[in-house]
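**Q** Given next are the chains, with one letter for each unit.
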Amino acid sequence: MNVPRAPPAVLQNPGFAHYSVKWSPFHTTRIALASSANFGLVGNGRLHLVTVNAGPGAGTLRLDKQYDTQDGLYDVAWSEIHENQLVTGSGDGSLKLWDAMLNDLPIRAWHEHTREVFSVDWSNIKKDTFASSSWDGTVKIWTPEHPRSVATITAHHSCVYQALFSPHQPDVLATCSTDGTLRIFDLRAPAYVASGPTTNNFTNPLSASALTIPASNTEVLSIDWNKYRPFLLASGGVDKAVKVWDCRMVKLGGNETGAVGGNCETQLLGHEYAVRKVQWSPHRAEVLATASYDMTARVWNTMPPAGQSQLMYIHDAHTEFVVGCSWSLYDEGVLATCGWDSRLNVFRI
Amino acid sequence: MERVKQFAGQLVGSSGVGALQRQNPDDVVITMAFRSPLCKARKGGFKDTKTDELMLELFKHSISQSHIDPALVNDIAVGTVLTPNAMYHARAAALAAGFPDTTGVQVVNRFCSSGLMAVTSIANQIHAGQIEVGLAVGVESMSQNPDMGGPEQSADIAAHGPAADCKKPMGWTSENVAADFNVSREDQDAYAARSFQRAEAAQKAGFFAKEIVPFAAYQVDAKTGVRTKVVVDKDDGIRAGTTKETLGKLRSAFPQWTPSTTTGGNASQITDGAASVLLMTRRKANELGLKIMAKYITTAIAGLPPRIMGIGPVYAIPQALKQAGLTKDDVDLYEINEAFASQCLYSLRALELDDNKVNVNGGSIAFGHPLDKHSPFVEDCL
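Chains as they are written, first to last, in the working numbering: chain A, 3 to 351; chain B, 855 to 1236.
Some hints here could point you the wrong way.
Looking from chain A toward chain B, a few residues come up when the C-beta cut is under 10 Å (computed) [as the list claims (entries may be wrong)]:
| # | residue |
| --- | --- |
| 1 | LEU43 |
| 2 | VAL44 |
| 3 | GLU118 |
| 4 | TRP137 |
| 5 | SER160 |
| 6 | CYS161 |
| 7 | PRO216 |
| 8 | ASN219 |
| 9 | GLU221 |
| 10 | GLY239 |
| 11 | CYS249 |
| 12 | LYS253 |
| 13 | TYR295 |
Since the hints were derived computationally from the structure, they do not count as laboratory data.
Every residue, glycine too, gets a C-beta built ideally from N, C-alpha and C.
Bound conformation, chain A alone:
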């Protein structure tokens, strides 16, 4: 399984635990890193912009720029419309839009979430739109031009760890939560389910979801949409298992809401602690990368040829929790991982 590979390119940012890593969709060698001091438990945050330089092996990493924030940064997303812009989500509930051509200060800031913003995602279909998810239970939809959020989805009654736009449908978004469920929302559908015998809006107003997937009996920390197979989602969380969900039974656009479903197609077992991040390969439909509190990142083949293992590769060069991973969009098989050990590793599978 693990054939000898070149050692990873490494960048150390002492004092900052990395929370999220993303490759630029515009520049082949640019990486953004969202980080927090004191392991993100208390204190300030920092956005790092990194360039990968060609060289022997995986090349070398150079820190280009950094931006400091008042509270820890938990996630970052590159703009899909502007090559130099990115948005970050912070522990204080704020969102900030940065321009890599400028220094020090964000070009815009929003503050509506009442608790930690744990994920941000830029739609790659409606390229002027991004979403944030928060521990306050909501998902908010934004455009850079508006001073206020465009829409708020009361997605769960507990922390929403991630919200991600579908790569195939412009108005479809998936979430995962402390409550153990994934939910798929159709932003065109009615905002709230009418109260009825099977729903409960009397005390618990929740936005209507097109599909709820009971994915785990503990927290689900990360999800990702497969880029090739519509309505195939991967999830990972506290139960240590990575699961692949076929959600094609979802009914969109209609008035039918509140369905429960999801067919667990595959389970990938092996991580020894919570799975913190899952990401499908942008190049191969069956390949998935995962990052875990067990200090490893792993690469899986979700549909291995008969007789072969699902597990393709274990990256164990981190010395603390691995919380982020991101596939290069241009260079097939190149993966970036980041963790609480202040390290960014870039390597080829």
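Once you've looked at the hints, dock chain B against the given chain A.
**A** Just chain B now, kept in the frame of chain A:
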């Protein structure tokens, strides 16, 4: 540090105790729990108080102890077993006590667990979003409504063995348990004596005073027949100085059924009493600024043959633990109904529970078992 807790939860896993301790606005929580003194039937403090009068007193205290406007209570569930016309009494007493006519009332009966069922019913209604605030009570006057055993059964039903067992006296089931599972008279007496001793110590330490609300009761002068109001504020069934030896001298209560190990001393007393629990969502409790005492987690229902009905805990406890995602060692305190020393002791043995975690302040053997009042308190501790 909410943030630290959240991250720690991701790491250690959020099943088990950690998951239960997490606070969500949708949690069903208890903001008030109290009980009346427990008094010996036909001899004790409530012997001349009618059932509806006991209910009235219970509802009045529920209103005053709740610290909320009674109009906020959407529904009341009353657990009671023997009370005839219970629904009439319950609704009328609630109105007379000061609950507005907009507050609903229901009666539930699952014999000894009726009080628990009242809590379950209210908690489920809150979970389902049908109500936001509910009161669960249990009330029983075994003085006024003695247990006369089951009613006459029709021939078709009596022909079915287990069905016929349903009307048999409780004492018979205790002897069956003692015989089937080899629980000796000596062990039962020892268990019962410890229950008395623990209850006595708890009473002296003032533990019960904190959960008891003094109740106004009527007492009839035996000579003049005049009814006067008195205040009852203490359990009167706990016999101080009870030992295994004193219990050992008692005669068998049921010589007609072998092994005849059950006595008046190692069975629960026949008792009058009442208890009340106010439940609501955590969201509502926070909005009203109420102190949250406990969180309701789950109730398990398990059936078993009527002839050994007392060992229900053997089946229900593992099921409740499973539903809650706990192991038996996660639980610090168990309260198991002591209908009879035989069934309680066997349940302890079968479940291999740590003796020092079960009924630490005594049980029904010591302070009585007014069929359903006791049960809400079991829930409190979960």
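**Q** Take the hints in turn and mark each one as holding or not.
**A** Comparing the hints with the structure gives:
no. : hint   : verdict
1   : LEU43  : holds, 5 Å
2   : VAL44  : holds, 7 Å
3   : GLU118 : holds, 7 Å
4   : TRP137 : holds, 7 Å
5   : SER160 : holds, 6 Å
6   : CYS161 : holds, 7 Å
7   : PRO216 : violated, 15 Å
8   : ASN219 : holds, 7 Å
9   : GLU221 : holds, 6 Å
10  : GLY239 : holds, 8 Å
11  : CYS249 : violated, 24 Å
12  : LYS253 : violated, 24 Å
13  : TYR295 : holds, 6 Å
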